[in-house]
Structures are given as structure tokens and as C-alpha cells.
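Student: Chain residues, written in single-letter form:
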Amino acid sequence: MAMLEYLMYGFKVVFIPSNFLWLTLGCFLGTVIGMLPGLGPATGIALLLPLTFVMKPETALITMCAIFYGAMFGGSRSSILLNIPGDGSAVASCFDGYPMTLKGEAEAALAISAIASFIGGLISSIAFVLLALPLAKIALMFGPPEYFALMVLALTATASMSEGKVLKGLLSMALGLMVSMVGLDPQSGVSRFTFGNLELHGGIDFVVVIIGIYGLGEVFKNLEKIGRGEMLQPIKKKFGKIWITKEQWKRSFIPILRATPIGFLIGILPGAGGTIAALMSYNVEKKLSKEPERFGKGAIEGLAAPEAANNACSIGAILPTFTLGIPGSGTAAIMLGALMIYGLQPGPLLFEFYPEIGWGVVASLFVGNFVAAIMNLPLAGLIVRILAIPPKILYPLVTALCFIGVYAINLSVVDFYLLILFGILGYAMRKLEIPTAPMILASVVGRKFEQSFRQSLMISGGDFSIFFKSGISVTLLILAVLSLVYPVISAAVKRKRHAI
Amino acid sequence: MKDRYLSVAVLAFGVIYTIAAWNLPRAPVGNPLGPVYFPLGLGLLVTIIGFLMLLQSLKSHHEERAHAKSGKSAFQILATLVLCVAYALMFNKLGFLFSSFVFLSALLILLNGLRKWLMSLSISILYTAGVWYLFEKVFLINLP
Numbered sequence: 003m004a005m006l007e008y009l010m011y012g013f014k015v016v017f018i019p020s021n022f023l024w025l026t027l028g029c030f031l032g033t034v035i036g037m038l039p040g041l042g043p044a045t046g047i048a049l050l051l052p053l054t055f056v057m058k059p060e061t062a063l064i065t066m067c068a069i070f071y072g073a074m075f076g077g078s079r080s081s082i083l084l085n086i087p088g089d090g091s092a093v094a095s096c097f098d099g100y101p102m103t104l105k106g107e108a109e110a111a112l113a114i115s116a117i118a119s120f121i122g123g124l125i126s127s128i129a130f131v132l133l134a135l136p137l138a139k140i141a142l143m144f145g146p147p148e149y150f151a152l153m154v155l156a157l158t159a160t161a162s163m164s165e166g167k168v169l170k171g172l173l174s175m176a177l178g179l180m181v182s183m184v185g186l187d188p189q190s191g192v193s194r195f196t197f198g199n200l201e202l203h204g205g206i207d208f209v210v211v212i213i214g215i216y217g218l219g220e221v222f223k224n225l226e227k228i229g230r231g232e233m234l235q236p237i238k239k240k241f242g243k244i245w246i247t248k249e250q251w252k253r254s255f256i257p258i259l260r261a262t263p264i265g266f267l268i269g270i271l272p273g274a275g276g277t278i279a280a281l282m283s284y285n286v287e288k289k290l291s292k293e294p295e296r297f298g299k300g301a302i303e304g305l306a307a308p309e310a311a312n313n314a315c316s317i318g319a320i321l322p323t324f325t326l327g328i329p330g331s332g333t334a335a336i337m338l339g340a341l342m343i344y345g346l347q348p349g350p351l352l353f354e355f356y357p358e359i360g361w362g363v364v365a366s367l368f369v370g371n372f373v374a375a376i377m378n379l380p381l382a383g384l385i386v387r388i389l390a391i392p393p394k395i396l397y398p399l400v401t402a403l404c405f406i407g408v409y410a411i412n413l414s415v416v417d418f419y420l421l422i423l424f425g426i427l428g429y430a431m432r433k434l435e436i437p438t439a440p441m442i443l444a445s446v447v448g449r450k451f452e453q454s455f456r457q458s459l460m461i462s463g464g465d466f467s468i469f470f471k472s473g474i475s476v477t478l479l480i481l482a483v484l485s486l487v488y489p490v491i492s493a494a495v496k497r498k499r500h501a502i
Numbered sequence: 030m031k032d033r034y035l036s037v038a039v040l041a042f043g044v045i046y047t048i049a050a051w052n053l054p055r056a057p058v059g060n061p062l063g064p065v066y067f068p069l070g071l072g073l074l075v076t077i078i079g080f081l082m083l084l085q086s087l088k089s090h091h092e093e094r095a096h097a098k099s100g101k102s103a104f105q106i107l108a109t110l111v112l113c114v115a116y117a118l119m120f121n122k123l124g125f126l127f128s129s130f131v132f133l134s135a136l137l138i139l140l141n142g143l144r145k146w147l148m149s150l151s152i153s154i155l156y157t158a159g160v161w162y163l164f165e166k167v168f169l170i171n172l173p
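Chains as they are written, first to last, in my numbering: chain A, 3 to 502; chain B, 30 to 173.
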């Protein structure tokens with residue numbers, strides 16, 4: 003088994019003391035950030051991304067995975083204790099998690115969420131190992147036209163997943179692509195949309211976009227809530243033993259196993275993120291349950307299922323990111339961005355030429371899972387105290403961190419103005435209910451997307467039919483069209499049914 | 030109503046972007062239209078999206094729930110924005126230590142009120158010193 007050998011090599015990389023230290027720290031920071039209301043994994047990684055610039059690439063990526071991981075574990079803490087989801091994917095955890103807290107079962111709720119996350123993450127990591135190489139091999143068959151088609155699919159799918167808001171999703175995608183157009187065109191040297199500003203010639207760094215939209219934009223949104231007097235609930239600080247009873251375990255075990263593959267598969271699909279995975283698995287459990295009336299009133303299986311799905315999904319989303327270069331979610335797009343910052347090409351060559359990175363990351367999924375589980379079970383009582391930080395102190399700090407993080411990218415103050423601009427844009431998008439994930443995704447892959455388009459045309463000598471010549475690209479393009487048309491049709495069908 | 034204004038804005042933006050894309054310089058080598066295709070397509074896409082959104086908003090008449098507007102939060106957001114711009118302006122001139130300390134103190138006092146000034150100032154000092162140490166000594170990045 004060559005794969006096991008690779009994996010062992012990956013473990014060796016992870017257990018190098020400095021790497022392991024960063025992994026632990028990343029899990030901790032991720033848990034903390036995921037836990038804070040209003041700050042999810044995407045914001046967390048965006049804020050801490052500049053921190054990893056000074057590290058070796060493998061250390062940086064391991065740290066980032068750990069932050070991602072910790073944030074997935076931590077995201078549900080505020081859902082359970084305060085009924086405020088850390089981010090979208092923790093919404094489903096509010097449904098039964100908060101009622102459990104009200105019933106005085108906060109300890110069991112915290113415990114099952116960590117246990118379910120752990121099992122979901124572990125099984126998905128194994129699936130990741132089994133699928134990584136075969137998927138990477140498929141990528142070898144891809145030329146520029148196929149890549150172009152694949153990215154069309156990823157982008158349209160992400161846009162159309164924004165339920166009932168396909169147009170706004172597409173708008174967000176177009177905005178992201180437009181951002182990536184700014185700067186000198188790498189193929190012809192023509193300057194585009196720089197308005198004569200020399201600083202813009204190098205293009206807009208997508209890290210600035212990410213920190214602006216997810217960091218500063220989130221701050222503005224939360225300032226509004228603070229101004230309205232929300233987010234001021236007191237938090238429970240004293241906990242008993244954080245564990246579950248046998249009876250609770252029996253109820254949750256099967257739902258966890260059911261939710262894991264659901265989450266993993268949804269994660270691999272481009273576009274659909276943790277929110278959809280968690281909600282879907284919650285609905286599945288509710289439908290299958292013999293006592294559906296318990297759901298929403300503190301049913302432990304109603305918390306276990308979305309938690310497992312959520313973590314499984316986050317690992318599923320990294321799979322196409324590392325093997326195909328197509329991120330499965332906004333957060334995974336940030337990870338892809340990090341890969342690109344180090345000049346690394348995701349795909350089969352990553353695993354072949356940089357095994358310390360490819361396999362190190364894979365092994366870090368397993369190790370991070372354990373570390374995060376330890377942090378969230380025995381140490382949970384200590385860590386949740388961070389939730390007691392008043393938002394009025396937290397958000398000014400986050401604001402300052404956004405700026406210093408952006409400064410670390412280019413050591414340029416020009417980025418500050420871009421940051422403020424994207425912060426305002428992010429806030430406006432939230433107010434106008436325009437989804438932000440498609441924009442992030444588009445701004446990260448935008449340049450590559452255009453390059454693959456133009457390389458294809460160069461190969462064909464300007465003939466557009468090249469995109470319809472190979473079976474792979476035609477299939478991908480048809481899927482892309484379907485992903486756009488499906489929500490429209492299904493909405494129309496629903497409306498008809500309602501009319502009858 | 031909000032959606033109708035948005036759709037008109039999107040439509041206008043799409044048209045302007047399309048025109049700007051068409052007026053982009055042509056490539057001196059290779060396909061002269063090479064750098065134009067993509068932005069042009071994007072501009073057209075946004076124009077179409079704006080048009081469809083406008084149609085949608087004209088069709089639907091559902092009431093929008095009015096959010097309780099709070100003058101206080103609007104003021105706080107605006108003040109934060111002004112502080113952010115001020116921070117960007119003074120960062121290079123006055124140096125990281127001074128400008129960050131003033132920026133964070135101002136933000137904290139803005140939200141927590143003047144009465145808790147001691148807490149605000151101490152947090153700012155801790156933050157500024159901490160970040161400075163991390164950048165200068167650990168990451169070896171020079172701050173202005």
C-alpha cells in the first residue's frame with residue numbers, strides 16, 4: 003500500500019515539533035474565533051491568513067487547516083449557549099442545541115457536538131485519503147478548455163446555491179470576477195481598470211477582498227446589532243462534566259453515521275457549503291425520526307446530525323481544492339488562495355512534487371481532528387469563557403486586526419483604502435441580501451479562469467468551438483447550465499403546486 | 030422597493046462597465062481582442078442580470094418588513110468608517126504605534142463611552158504593544 007506509506011510520511015511532517023505546535027495553536031485560535039458570535043471559519047481564516055505568510059508553506063497550510071478545523075468545532079458553541087450561530091453552517095445547531103441549554107443540558111449539548119464533529123471529521127478524513135489520488139489523476143486529463151468548463155461549473159453552482167436568489171448570486175460572482183480583472187493583463191501587458199493608478203497595476207490582492215468582505219463587513223453588520231441592543235445575553239460560565247449519557251449516545255450514534263456521508267458529498271460538490279449540509283442532514287433526521295415532535299425542543303440527535311455533517315462537509319470541501327484547484331466553499335476558496343500565494347499548483351503534482359505539503363495536509367486533518375476534540379471536550383468549560391468577552395470590546399479589536407492583517411500582505415497603505423471599500427461593499431451586500439461566497443470564490447479563481455479561457459482560444463486559434471470538443475468539457479458545461487436552470491424550474495414547480 | 034433601486038443600479042453599472050470594457054486598449058501582440066473578451070462578457074452579464082432583476086422586482090409586490098432603524102447604530106458605523114479612513118491617512122505619517130493606539134482607543138471609546146476610558150486605553154496599549162512585538166521581533170516585518 004503506497005498510500006499508507008505516503009500517509010505515514012505526512013504524519014512525520016505533522017509531528018515535526020514546530021508544525022505540531024502551530025497545529026495546536028491553529029486549532030485553539032480557530033476554536034476561539036469560530037466560537038465568537040458573528041465570526042465564522044471564513045472570517046477566522048481570513049483574519050489569520052497574513053499570520054501564515056512568514057511560515058514555510060507546509061506549516062502555513064497545516065496551520066490554516068487547523069484553524070478551519072477548530073472553527074468548525076467552535077462554531078456551534080455560541081449556537082448552543084447563546085442561540086447566535088457563529089456562521090451559516092452553525093445555524094442548524096441552534097434548532098436543538100439552544101433548547102438543550104434551556105433545559106439545563108448544556109453540558110451534553112457541548113459534548114455531543116464535539117463528539118459528532120470528531121466522528122464526522124474522522125470518517126471524512128479517511129474518505130479524503132482514499133479519494134485524493136484518484137481525483138488528482140482525473141485532473142491530469144484536463145487541458146485549458148476542460149479547466150475553463152470546470153470553473154464555469156464551480157462558479158455557477160456556487161451562485162445558484164444561494165437559494166431563491168440566483169440572480170444575486172450571479173451578480174456576486176460577476177463582481178468577484180471584475181475585481182480579478184483589475185491590473186496588468188499577464189498575457190498582453192495591457193492595463194485594465196487601474197484608472198491610471200500605479201499601485202493597482204499588480205492587481206487587487208484577493209486577501210484584501212476576503213478580509214474586507216468577511217472581516218470588516220462583518221464588523222459593520224455587528225456594530226449595527228450592538229447599536230440595536232442585541233447580542234447582550236449573559237452567558238453561562240459554570241459547567242458540570244461535559245459528557246453524555248449512554249441513552250443519549252444511543253440516540254445520536256446512527257444519525258451521526260448517516261449525516262457524515264451526506265455532509266462529505268455535499269462538501270465535494272462545488273458551491274454547496276456547510277450550511278446546506280447541516281440543514282439537509284437535520285431535515286433527514288427529522289423525517290426519519292419516530293418522534294419528529296421532539297425536534298426543535300432539544301432532541302440530541304437533532305444536534306448530532308448537523309454537527310457531524312458540518313465537519314464532514316468542511317473536509318469534503320478541501321478535497322477538490324487540493325486535487326483539482328476548485329474550492330468547494332468560500333472558506334475552501336481562501337485555502338486555495340493561500341496555496342496560490344505560495345506559488346503552488348493544486349492537483350496531482352502537488353502530491354508528487356511537494357509530498358510534505360500534500361500529505362502533510364492530509365495527515366494534519368487526522369491530527370487536527372484529535373487536537374480539536376480534546377480542546378472541545380475536557381477543556382470546553384474553560385474555552386467557552388471567551389464567549390463572555392463583550393462584543394463592544396471584541397469588534398474594535400477585530401477592526402484593528404483587519405487593518406494590520408492587510409498591511410502584512412504588501413506592506414502598503416493603499417490596501418487600507420481597498421480594505422475599507424470592500425468592507426463597505428461587504429456590509430452593503432449583507433444589507434441587500436446578496437450572497438458573498440460567490441464573490442470570494444470568483445475573486446480567488448478569477449485570473450486562472452480567464453487564463454484558461456484565453457489559453458484555450460490560443461490553442462484553437464480563436465475558434466470558440468474548442469470548448470465543445472471534448473466530452474469532459476461538454477458535460478461540465480451542461481451541468482453548469484443545469485445548475486442555473488434547476489432552481490428556477492423547481493421554484494416554478496413549487497409555485498404551481500401551491501396554486502393548486 | 031429596495032430591490033428595484035438595486036436592479037436599476039446594477040443595470041446602469043453593467044452598461045457603464047460594458048462601455049469601459051469595449052474601450053480597453055487592444056493587445057499589441059497576439060489576438061488584439063484578447064484582453065477585452067472577458068471584461069466585455071462580464072459587463073454584458075451584469076447588464077442582463079440587472080435587466081432580469083428589474084423585471085422580477087416589477088412583478089413582485091410583496092411588502093418589505095421595515096427594520097427598526099436605530100440612529101445610534103448608523104452613527105456608530107459612520108464614525109467607525111471615518112476613523113478607518115483617518116487611520117489609513119495617519120498610518121505612515123505618524124507611525125504604527127501612535128496611530129494604532131489612537132485608532133483603537135477611539136473605536137473602543139466610541140462603543141463603550143467615555144466613562145470606561147481607562148479600560149479602553151489599557152486594551153489599546155496592550156494590543157499595540159503586542160502586535161508591534163509580534164511583527165518586529167517574531168515575524169521580522171518592519172512597521173512604520
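Calculated from the structure, these hints are not laboratory results.
No experiment lies behind these values; they were computed from the predicted model shown.
One should not assume that every hint holds.
To be verified - Calculated lysine-lysine pairs in the DSS-like style (CA-CA distance at most 25 Å, straight line): (1) B/LYS31 <-> A/LYS167; (2) A/LYS223 <-> B/LYS88; (3) A/LYS223 <-> B/LYS145; (4) A/LYS433 <-> B/LYS145; (5) B/LYS101 <-> A/LYS167.
Student: So, for every hint listed, does it hold in this structure?
Tutor: Results for each hint:
1. The suggested pairing of B/LYS31 with A/LYS167 holds, with an alpha-carbon distance near 15 Å, which does not exceed 25 Å.
2. Restraint check: the Cα-Cα separation between A/LYS223 and B/LYS88 comes to about 30 Å, which exceeds 25 Å; the hinted pair is violated.
3. Annotation: proposed proximity of A/LYS223 to B/LYS145 holds, straight-line Cα distance about 24 Å (limit 25 Å).
4. Distance hint between A/LYS433 and B/LYS145 is unfulfilled; the C-alpha atoms sit about 31 Å from each other, more than 25 Å.
5. The suggested pairing of B/LYS101 with A/LYS167 is violated, with an alpha-carbon distance near 31 Å, which exceeds 25 Å.
Checked against the numbered hints above, the structure violates hints 2, 4, 5; every other hint is satisfied.
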